[in-house]
Amino acid sequence: MKFAVLQFPGSNCDQDLVAALRDVFQQQVELINYRATDLSAFAAVLLPGGFSYGDYLRGGAIARFAPIMAAVRRFAAAGGLVIGICNGFQILTEAGLLPGVLQQNKSASFICQPAALTVVNAQTSFTNAYAPNQRITLPIAHGEGNYYCDAATLAELQAQQQIVFTYQDNPNGSVANIAGITNRAGNVLGMMPHPERAVEALLGSTDGGGVFQSMLQTLTKKVVTA
Amino acid sequence: MYRAKVYVTYKDSILDPQAEAITTALHQLDFPELTQLTCGKYFELVLDTTREKAALAVEQMCQKLLANVNMESYRYELIAA
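So the protein lines, in turn, are chains P and L.
Quick note on our numbering: the first sequence kicks off at 1 and runs consecutively.
Quick note on our numbering: the second sequence kicks off at 1001 and runs consecutively.
For reference, chain P alone in the conformation it holds in the complex (with noise of 0.2 Å):
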């Protein structure tokens, strides 16, 4: 089992992913460069933080087109476990894969500082290593970072149970306090928080591990009834 982690131009999370994955999980991972075209011979597929192409036009807007995101799409429609973190989520939403956008944080200012969450949704492939409403605490870093959608898409991510992470302490202005979500299909989920900056008590929390122990949950068990 095998997890790739995609490197654009300006992202700057991906190597704290891999030590995440790999130190602490003693995964297998591969940094996979923006201009690659395959990502079948991986598990699970991570699009890490950080400034694709400087944020140009919009976070994520310039990235979305980058060779990869072909196998992105490829990989999502069939099933596969896709994660975006911060600027990952703002390529994701940008691409389509995920409803809604991030704009701008209400307060104008970039935000970086711990959040304390909710688990509000303990059921999805990302978050069943936590209880249900479990309240946790994850550093966000981010100026685009605020939640917009329209009350119809808002609605529909209600009754699905789509929202996955909220803010107890809306940091950004995020519409209902939404700091996570997943596609309808529950398969792609984009979080604007850093788990993989909360993995080690020398860090400072180990609240993260519990995204990346609930895929590893979710993927285990698929490999056991396929």
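Just to be clear, a hint being listed does not mean it is correct.
To be clear about the criterion: a stretch of chain L counts as covered by chain P if any three or more of its residues have a C-beta under 8 Å from a C-beta of chain P, and this derived list gives those stretches [to be verified]: (1) 1023-1034; (2) 1060-1070.
The following residues of chain P were derived to be distant from chain L, with all beta-carbon distances above 10 Å [claimed, not checked]: (3) Gln15; (4) Ala61; (5) Gly100; (6) Gln103; (7) Gln104; (8) Phe110; (9) Gln160; (10) Gln161; (11) Gly173; (12) Leu203; (13) Gly204.
Simulated from the structure, these hints should not be mistaken for lab results.
Built from N, CA and C at the ideal position, the CB exists for glycine as well.
Model the placement of chain L on the given structure of chain P, informed by the hints.
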């Protein structure tokens, strides 16, 4: 040849903290008469095709990349160049 001037701005329903900050700054510069300010992005494109095809291309460019229609609206002018 046509020159397209494309304007992308936030939809009315979207709060724009940048526009608010600029408005506040202009009020501090003593322009109390300022009641509304919109800021956005401006693109100028030159297209070597017919007016009809240029309009269609610009429309698609806006839809696909220049604007995120979840939060932004766009308008453009086509000028024979």
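Can you list which hints this structure breaks, lowest number first? Numbers 1, 4, 5, 6, 7 and 11, in rising order.
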